[in-house]
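Chain residues, written in single-letter form:
Number of protein chains: 4
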Amino acid sequence: MRVGIVGSTGYGGVEIYRLLSKHKYVEECIIYSSSESGKLYEESYPHLTGSHTHLKSIDVDQIENDVDVLFLATPPGVSTKLSPQFIERSVKVIDLSGDLRLKSSHTYKNWYKREAAPADLLNEAVYGLCEVNHDQIQSAKFIANPGCFPTATLLGLAPLTKAKAYKEDSIIVDAKTGVSGAGRKASLATHFGEINENLKIYKVNEHQHIPEIEQSLTEWNQDVAPITFSTHLIPMTRGIMSTIYVTLKKESQINSLKEMYEAYYEKSPFVRIRPIGSYPATKEVFGSNYCDIGLAYDDRTGRVTIVSVIDNLLKGAAGQAVQNFNIQNGYEEITGLDSYPVYP
Amino acid sequence: MRVGIVGSTGYGGVEIYRLLSKHKYVEECIIYSSSESGKLYEESYPHLTGSHTHLKSIDVDQIENDVDVLFLATPPGVSTKLSPQFIERSVKVIDLSGDLRLKSSHTYKNWYKREAAPADLLNEAVYGLCEVNHDQIQSAKFIANPGCFPTATLLGLAPLTKAKAYKEDSIIVDAKTGVSGAGRKASLATHFGEINENLKIYKVNEHQHIPEIEQSLTEWNQDVAPITFSTHLIPMTRGIMSTIYVTLKKESQINSLKEMYEAYYEKSPFVRIRPIGSYPATKEVFGSNYCDIGLAYDDRTGRVTIVSVIDNLLKGAAGQAVQNFNIQNGYEEITGLDSYPVYP
Amino acid sequence: MRVGIVGSTGYGGVEIYRLLSKHKYVEECIIYSSSESGKLYEESYPHLTGSHTHLKSIDVDQIENDVDVLFLATPPGVSTKLSPQFIERSVKVIDLSGDLRLKSSHTYKNWYKREAAPADLLNEAVYGLCEVNHDQIQSAKFIANPGCFPTATLLGLAPLTKAKAYKEDSIIVDAKTGVSGAGRKASLATHFGEINENLKIYKVNEHQHIPEIEQSLTEWNQDVAPITFSTHLIPMTRGIMSTIYVTLKKESQINSLKEMYEAYYEKSPFVRIRPIGSYPATKEVFGSNYCDIGLAYDDRTGRVTIVSVIDNLLKGAAGQAVQNFNIQNGYEEITGLDSYPVYP
Amino acid sequence: MRVGIVGSTGYGGVEIYRLLSKHKYVEECIIYSSSESGKLYEESYPHLTGSHTHLKSIDVDQIENDVDVLFLATPPGVSTKLSPQFIERSVKVIDLSGDLRLKSSHTYKNWYKREAAPADLLNEAVYGLCEVNHDQIQSAKFIANPGCFPTATLLGLAPLTKAKAYKEDSIIVDAKTGVSGAGRKASLATHFGEINENLKIYKVNEHQHIPEIEQSLTEWNQDVAPITFSTHLIPMTRGIMSTIYVTLKKESQINSLKEMYEAYYEKSPFVRIRPIGSYPATKEVFGSNYCDIGLAYDDRTGRVTIVSVIDNLLKGAAGQAVQNFNIQNGYEEITGLDSYPVYP
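Chains as they are written, first to last, in the UniProt record's numbering: chain X, 1 to 344; chain E, 1 to 344; chain A, 1 to 344; chain H, 1 to 344.
Hints listed in this document are in silico derivations from the structure and should not be mistaken for laboratory results. Keep in mind that a hint or two might mislead.
Here are the simulated DSBU-like cross-link-like pairs (lysine-lysine), alpha carbons at most 35 angstroms apart as the crow flies [stated by the list, open to error]:
| hint | chain 1 | residue 1 | chain 2 | residue 2 |
| --- | --- | --- | --- | --- |
| 1 | A | Lys113 | E | Lys39 |
| 2 | A | Lys267 | A | Lys249 |
| 3 | A | Lys267 | X | Lys185 |
| 4 | X | Lys167 | E | Lys167 |
| 5 | X | Lys92 | X | Lys39 |
| 6 | E | Lys185 | E | Lys103 |
| 7 | E | Lys250 | X | Lys113 |
| 8 | E | Lys22 | E | Lys267 |
| 9 | A | Lys249 | A | Lys22 |
| 10 | H | Lys203 | H | Lys167 |
| 11 | E | Lys24 | A | Lys249 |
| 12 | E | Lys267 | A | Lys267 |
Taking beta-carbon pairs under 10 angstroms as the criterion, some of the chain A residues facing chain E (in silico) [said to hold, decoys possible]:
| hint | residue |
| --- | --- |
| 13 | Ala189 |
| 14 | Glu266 |
| 15 | Phe286 |
| 16 | Tyr290 |
This one's a predicted model, so the numbers in the text were calculated from it and none came from an experiment. Ideal Cβ positions, reconstructed from N, Cα and C, are used throughout, including at glycine.
With the sequences and hints as input, model every part of the structure.
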């Protein structure tokens with residue numbers, strides 16, 4: 001199997017390279033760049049010293065010849081333009097951008113402030129939330145890899161939502177992320193002096209991942225109302241925690257939240273449910289593809305608190321992309337991802 | 001004015017010393033320690049090199065002779081024992097522990113898992129939330145300095161609560177703190193290798209600051225129901241952010257959240273309300289006594305998101321203690337606290 | 001006294017503002033900006049919320065009317081152009097850039113890769129290393145405020161150098177700095193994802209502070225040979241440590257390094273010499289104007305290790321600038337700087 | 001192949017487990033603990049959730065039955081007592097402690113302040129610096145895995161030392177380490193509030209790794225004189241950088257430092273030499289077994305600056321232990337270690 005990566009200068013792209021260059025079914029991993037073709041990859045990323053890989057320019061016909069599956073880790077709008085060309089050439093595409101995750105072009109336009117992709121392309125795209133959409137992914141030609149916040153949040157909410165166990169207008173998601181989620185582009189917002197020893201909140205109820213989360217939730221329970229969602233920037237590089245609050249319906253009869261979640265994720269090798277009273281920390285999934293979930297019920301308020309953590313660059317981006325690649329191509333789901341988190 | 005500090009080995013105590021040793025109405029600042037009497041303070045805290053202050057042992061009669069006001073920054077239970085002796089000797093006490101903040105001994109016992117202080121002592125104590133209880137503080141002999149989370153949370157909620165503007169059962173507080181809140185005692189929970197590049201949640205609905213918050217809220221609006229409250233450990237040293245979610249009542253007619261808050265805090269030099277669309281970050285109050293508040297209303301959900309930040313060791317402990325000292329003793333409220341945050 | 005700051009958008013400038021806006025002899029502190037005139041300062045720096053200060057445009061005549069002393073915290077080359085205009089208008093200038101620190105225009109050109117200032121301007125400038133050049137500073141109209149690395153390094157080396165106690169070709173300086181030294185400008189080099197949990201070395205034997213250090217050293221002992229100097233970027237915001245290694249001459253008879261240093265800095269309120277066996281950490285001077293020095297002699301090798309720490313934005317920039325301002329204008333040296341470090 | 005780990009509660013032990021539990025030639029990886037036998041390992045290390053491994057008590061006979069190779073990641077003195085029992089039982093031992101690295105019991109006693117191991121045990125132990133002692137390791141029954149600072153420092157110095165290219169009394173090593181090197185034990189020295197946003201120097205010329213470094217250096221060139229060595233604590237979890245300064249002999253004729261080093265490490269898969277003018281950062285080896293080396297020569301001073309970085313828990317501990325295991329047992333040297341660093 002030969003694979004290619006477009007958009008390799010960012011953190012998502014370089015993590016795909018790290019995973020695929022050692023993947024046992026990947027014969028060759030070619031990286032493409034419009035801006036830096038010809039350059040040695042390890043000049044941009046010295047941790048790859050010795051990989052001796054040169055960036056190639058983006059030539060659609062050449063790529064068709066080169067690769068079987070193409071990963072797009074590109075800025076907004078690029079995938080909308082590029083991916084149709086590969087789909088018609090029978091190159092499978094796994095897209096890490098937000099371009100093709102929303103089925104409604106109206107919603108996309110509202111939240112992303114740009115034109116949506118054509119409807120047929122949106123229809124072609126399978127939303128690659130592996131644990132939930134496993135079957136569609138197996139036959140997908142085009143996979144829209146989920147966003148980082150949606151991955152953590154939706155895996156945290158899926159079992160209770162499908163069981164219609166909570167009041168549909170009670171969802172509050174207080175999300176936290178490490179800085180690598182903002183990408184490698186230099187800006188005041190990623191300047192060490194502004195981030196270190198600091199805690200910021202941003203995009204209060206305005207994050208473009210909100211409609212992506214709501215799209216899946218309403219697919220699972222059409223009565224789900226708009227959610228409250230805010231994101232915090234944590235002075236760390238990797239990791240996302242979604243702290244999720246929902247109020248149980250009075251008639252909900254849940255003996256064991258833990259067992260409910262364990263049953264739902266029984267066949268999911270990357271979801272780990274913590275014992276009641278124990279909560280996952282982001283470092284406990286650092287460098288891995290795991291999503292760890294902790295649960296608490298408070299009888300003073302009738303609310304459940306769900307704590308869901310992932311490594312934003314892995315389960316929230318490159319790792320889930322490789323997991324999708326495995327499912328799509330019939331490999332064992334854990335291939336190339338079967339390692340414990342790096343701790344401490 | 002001569003002042004004393006008991007419990008100077010902790011981070012709260014050393015910050016009181018830093019502030020009071022340069023306070024223009026403080027002639028002498030004496031520090032007392034049971035465990036390290038005789039020792040030079042700067043051996044424990046080399047940043048104070050040159051202060052040449054020795055720790056004195058705790059002798060109640062001697063302290064009565066030495067000081068006019070005594071600050072207690074002591075572990076749980078110590079203040080309950082020590083403070084009555086000073087009150088009967090007419091030494092004013094400002095207590096930073098949680099011993100005397102709760103008026104109900106039953107509630108104290110439930111949450112602190114230890115016996116409460118005698119009822120007369122609890123009655124004597126004035127809850128030193130400066131911006132709200134300013135008048136009682138002026139005549140207080142015994143001040144219970146608020147906890148760090150309650151300070152940030154209550155200042156964030158006071159105006160809306162007193163206006164009875166939100167549904168009383170809708171309060172969710174997602175709190176975040178730097179590590180210094182856990183004190184200087186070494187433990188696995190404060191080990192750098194466990195905290196750095198990590199984000200943890202702890203004490204979900206079990207934090208002892210919950211009843212302290214609820215006590216003031218119900219004082220302001222007796223219909224307030226139990227709150228949902230969780231705390232997160234952020235890989236930074238100082239700073240607290242309370243992200244607070246409430247659902248407005250349908251009949252609430254609030255034209256401008258910002259103006260409402262500005263009016264409420266008009267005479268409060270340490271509360272700064274941010275422009276709508278702008279939210280405070282913890283570093284923007286680092287090293288200062290400010291509490292900065294940002295506000296957002298989401299018409300999709302009818303919820304208000306309140307963001308309240310403080311430096312946990314200053315407005316959340318030592319700074320507010322000095323502010324209480326100023327109010328109690330008739331000094332200008334900002335004396336010794338009139339400095340901007342240290343940024344970056 | 002009215003003061004002005006040009007270059008207030010950087011970290012050095014904002015720290016000067018923090019110090020001078022609360023300085024008891026400063027009536028007004030005006031800030032000037034070419035790029036952002038008219039803007040409210042606290043929009044760029046929300047920690048100053050409530051200061052209500054607007055940036056003014058740079059108009060030389062207006063500035064002459066406005067201020068008595070002008071601080072320049074400007075990029076390379078700006079001071080060379082601006083300062084002559086103020087000197088001829090009898091506005092005192094304290095310049096934080098590197099433009100006028102080197103007396104040799106040839107050396108400047110070699111290391112800074114740009115044209116040096118005119119010779120008469122270079123001659124006018126007094127090198128503002130307060131502890132050593134105190135007397136010249138008192139009568140200086142133009143002060144070249146020292147660089148951050150030179151301040152830490154020269155204060156660490158001054159006593160031993162003036163005593164000619166070490167082999168002149170044995171100086172090795174292994175310097176370490178926090179990220180704020182690189183300024184507020186966004187770049188990959190200051191990106192959180194590249195700095196956090198990382199340790200980098202840069203400018204090995206190529207740093208432009210090398211000739212500045214050598215200039216003072218050879219002034220104190222003309223036999224001093226070129227030094228070895230490297231700088232490391234530490235994942236922290238503030239703080240510099242210079243670890244300095246020199247080999248004592250065989251005939252050196254130094255009974256007590258500590259007493260030697262204490263005697264030399266007897267009248268220097270901001271230099272603190274640590275007890276033998278104890279070494280300063282950068283956090284122990286954080287937020288203060290102190291320079292703390294520790295010393296060790298190793299009889300296995302005949303070498304002395306000198307550890308000198310400062311807060312790079314204070315004693316290494318804004319703090320020393322205010323100290324120079326105090327000396328220059330006849331105020332007590334510690335005015336506006338008399339606070340302990342903020343710890344932890 | 002069955003392997004065991006004694007001392008699994010520390011950071012070194014848990015990293016050995018992470019590597020060996022996925023090692024393709026390791027059938028079973030058993031972990032032993034004196035203090036926590038019976039406990040589920042993932043209770044101490046939740047990042048291993050799902051590994052379902054219980055700690056077993058330390059019973060020498062049982063261990064003999066259980067395992068072929070035993071890793072000791074134990075506190076000082078334990079290995080001296082335990083390892084002889086395994087050696088006589090023909091269990092191969094790889095010891096990560098400092099107990100058996102020094103051949104001279106006199107030197108050990110001087111620096112470690114405790115009794116050395118018996119002479120025959122010291123003689124049996126092969127010093128496991130893989131790149132240099134590859135051949136002895138192949139036939140070793142007992143391997144003393146090198147310390148973290150010695151690994152980085154010796155790999156940085158080996159080629160120049162063996163070539164006798166520098167003045168033997170000119171070695172200065174300015175070492176820097178992340179906090180995980182201090183182990184998982186809670187202490188004030190590892191408290192987040194004391195380490196974060198701080199830079200400390202410690203053990204100036206007193207570190208117990210000094211004789212370990214000198215032992216190899218003098219083995220390679222008997223004229224090498226005592227070194228100057230100091231260690232700095234960096235506010236990060238993992239990573240060591242040794243910045244090494246040596247003065248070249250006048251007669252040294254080195255055309256290309258880079259080629260000299262590349263030739264020396266030609267067959268070493270984990271040593272990467274950087275291009276001249278480029279220096280490695282610790283994060284560029286994070287989570288990997290690489291040692292990256294950068295080199296600079298300064299003709300102003302005649303000195304070479306060598307920059308050598310490793311991940312202290314991998315190449316400086318667990319990774320090199322597994323590398324030794326591979327060499328010792330005839331596996332390809334990179335087995336189980338063949339992954340790129342995790343970046344960012």
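Structure-based check of each hint:
no., hint, in the structure
1, Lys113(A) to Lys39(E), "violated (54 angstroms)"
2, Lys267(A) to Lys249(A), "holds (28 angstroms)"
3, Lys267(A) to Lys185(X), "violated (49 angstroms)"
4, Lys167(X) to Lys167(E), "holds (16 angstroms)"
5, Lys92(X) to Lys39(X), "holds (26 angstroms)"
6, Lys185(E) to Lys103(E), "holds (29 angstroms)"
7, Lys250(E) to Lys113(X), "holds (31 angstroms)"
8, Lys22(E) to Lys267(E), "holds (25 angstroms)"
9, Lys249(A) to Lys22(A), "violated (48 angstroms)"
10, Lys203(H) to Lys167(H), "holds (25 angstroms)"
11, Lys24(E) to Lys249(A), "violated (49 angstroms)"
12, Lys267(E) to Lys267(A), "violated (44 angstroms)"
13, Ala189, "violated (16 angstroms)"
14, Glu266, "violated (13 angstroms)"
15, Phe286, "holds (8 angstroms)"
16, Tyr290, "holds (8 angstroms)"
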